[in-house]
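Engineer: Use these hints to put chains W, F and E onto chain B, whose structure you have.
Each chain, written out:
4 protein chains.
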Amino acid sequence: MAATNGAKKFLQHILAVAIEGGGFDKTLSKLRIVSGGKGRCIAEMRIEKEHTNRIGVLHGGFTAMLVDAVSTMALRTTEKAVPGISVDISVTYLRAAKTGEEIMINAETLKIGRSLAFLSVDITNKESGALIAKGSHTKFMG
Amino acid sequence: MAATNGAKKFLQHILAVAIEGGGFDKTLSKLRIVSGGKGRCIAEMRIEKEHTNRIGVLHGGFTAMLVDAVSTMALRTTEKAVPGISVDISVTYLRAAKTGEEIMINAETLKIGRSLAFLSVDITNKESGALIAKGSHTKFMG
Amino acid sequence: MAATNGAKKFLQHILAVAIEGGGFDKTLSKLRIVSGGKGRCIAEMRIEKEHTNRIGVLHGGFTAMLVDAVSTMALRTTEKAVPGISVDISVTYLRAAKTGEEIMINAETLKIGRSLAFLSVDITNKESGALIAKGSHTKFMG
Amino acid sequence: MAATNGAKKFLQHILAVAIEGGGFDKTLSKLRIVSGGKGRCIAEMRIEKEHTNRIGVLHGGFTAMLVDAVSTMALRTTEKAVPGISVDISVTYLRAAKTGEEIMINAETLKIGRSLAFLSVDITNKESGALIAKGSHTKFMG
Numbered sequence: 007m008a009a010t011n012g013a014k015k016f017l018q019h020i021l022a023v024a025i026e027g028g029g030f031d032k033t034l035s036k037l038r039i040v041s042g043g044k045g046r047c048i049a050e051m052r053i054e055k056e057h058t059n060r061i062g063v064l065h066g067g068f069t070a071m072l073v074d075a076v077s078t079m080a081l082r083t084t085e086k087a088v089p090g091i092s093v094d095i096s097v098t099y100l101r102a103a104k105t106g107e108e109i110m111i112n113a114e115t116l117k118i119g120r121s122l123a124f125l126s127v128d129i130t131n132k133e134s135g136a137l138i139a140k141g142s143h144t145k146f147m148g
Numbered sequence: 007m008a009a010t011n012g013a014k015k016f017l018q019h020i021l022a023v024a025i026e027g028g029g030f031d032k033t034l035s036k037l038r039i040v041s042g043g044k045g046r047c048i049a050e051m052r053i054e055k056e057h058t059n060r061i062g063v064l065h066g067g068f069t070a071m072l073v074d075a076v077s078t079m080a081l082r083t084t085e086k087a088v089p090g091i092s093v094d095i096s097v098t099y100l101r102a103a104k105t106g107e108e109i110m111i112n113a114e115t116l117k118i119g120r121s122l123a124f125l126s127v128d129i130t131n132k133e134s135g136a137l138i139a140k141g142s143h144t145k146f147m148g
Numbered sequence: 007m008a009a010t011n012g013a014k015k016f017l018q019h020i021l022a023v024a025i026e027g028g029g030f031d032k033t034l035s036k037l038r039i040v041s042g043g044k045g046r047c048i049a050e051m052r053i054e055k056e057h058t059n060r061i062g063v064l065h066g067g068f069t070a071m072l073v074d075a076v077s078t079m080a081l082r083t084t085e086k087a088v089p090g091i092s093v094d095i096s097v098t099y100l101r102a103a104k105t106g107e108e109i110m111i112n113a114e115t116l117k118i119g120r121s122l123a124f125l126s127v128d129i130t131n132k133e134s135g136a137l138i139a140k141g142s143h144t145k146f147m148g
Numbered sequence: 007m008a009a010t011n012g013a014k015k016f017l018q019h020i021l022a023v024a025i026e027g028g029g030f031d032k033t034l035s036k037l038r039i040v041s042g043g044k045g046r047c048i049a050e051m052r053i054e055k056e057h058t059n060r061i062g063v064l065h066g067g068f069t070a071m072l073v074d075a076v077s078t079m080a081l082r083t084t085e086k087a088v089p090g091i092s093v094d095i096s097v098t099y100l101r102a103a104k105t106g107e108e109i110m111i112n113a114e115t116l117k118i119g120r121s122l123a124f125l126s127v128d129i130t131n132k133e134s135g136a137l138i139a140k141g142s143h144t145k146f147m148g
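Chains as they are written, first to last, in our numbering: chain B, 7 to 148; chain W, 7 to 148; chain F, 7 to 148; chain E, 7 to 148.
Excised from the complex, chain B in its bound form (with noise of 0.2 Å):
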């Protein structure tokens, strides 16, 4: 509860730099942090123009650049903190997302280990729950 309302904290200062910092993680704008901890991270958002592609739905780009952000927030949380280095990411793309849906990223690490983190991805409609995308992300903690 406490820990969780904590975890959430920190992980909206983590994005609010990130966003602020004027790099890449500038285009999570319009993410928002539901909870987190213990190796977690659950966000959403609403697709607009800014997230699409020519015709409309979720940039296939940009559906990585989640996986890799949001999954990097959930490890963020586990006991080391650090955001380690990406090794290897893997992205399934299973249904479009067009503008305007509310989409959740679910992020969960699998293993963290001395060298290695293992961290997997569902994004899916936040109302339908139908999955729209499914990311692997191995990460090096240096």
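It should be emphasised that the hints constitute simulated quantities derived from the structure, not laboratory data.
Every clue listed holds true.
One copy or any two copies: either way a pair holds, since identical chains are not told apart in the list.
Think about it this way: if two alpha-carbon atoms lie no more than 25 Å apart in a straight line, the pair counts; the simulated DSS-like pairs of lysine-lysine are:
(1) Lys104 with Lys117
(2) Lys36 with Lys14
(3) Lys36 with Lys55
(4) Lys55 with Lys32
(5) Lys32 with Lys104
(6) Lys44 with Lys132
(7) Lys36 with Lys132
Structural biologist: Relative to chain B, chains W, F and E alone:
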């Protein structure tokens, strides 16, 4: 020659339209088409702050975006010319690339069938040729 | 219940035929179907020497074989019932599993469309539930 | 030359020991080392019934096994010489390969760092050069 110049202009046009479209492709505004045609697309860019993460290196999410976008442009130069729909993207991250570095993105159509297209992308340091990331992209041709 | 028993028998039959066929599926001779149906297949086995590498742990190549085979059996229990053709397989290796360990292989159909099917596989230690490997499998339905 | 012959013999020895070891590597009994050294390994084989699936084409599980095994042999020819531990394997399946076809497996070490090695594998038809499968393998060096 003529064909290649035609393909280069075609890709420059596609890229310009995509960037101006106001979607996520606007993150490609610094990308330059070097050459293209027959299922290939070579592009290059200088890494600016807007492409980086909190520690000033190429953001893994933007790397994935480059894999998606440049391979899709490669696909547009095949006879089918259609962009297709992403099925699977995987990216392996080999080396960090810093702000100011010039990178090359070299995308190739490995096979284009009736329903599926298979694409491969190498992202390298332009000067040294060192491999920064390697991507694989499978698309459905609808 | 009845449906699930039917599916289990159906999968046991498919597996037996595959093993007897003399192809690479004979490497599955120790696999036991636990349950199945509605796009799922749960199987288990004891790791024997024949499944291991030089240091006596589950061979990464056999892990990938389990991802391929058990997800394909899961797919056979959907309405379409066809095995499809592999497009992309990715496997993440989280923990070693030793000779003598009992493992569970849990495969799920995430989505089955007109042309493509998306499957996910978890391989865990049967006793502890610890995740050994996680796989993703995309198939073309022809 | 001398170095390459040495590497070829070294790889032939490793392969023979692995096949005789009685583990899953015995499925490689028909594999022949063509050449190797400096992080590379080229092998070839004729597809027999034992490597195929129910419809007589190269089994996707065996394809993944080839990606794993031949890239690991490539890694053994680097200065570090250690086999490492699999972290992520991904395989893209481009073309079916029938019983009787001669295939080549060409594995390359893309980068070997202090902790991680990155390998790439192409499996082609020996005669036509047509790409059958493409694999990516990330290993941890322990």
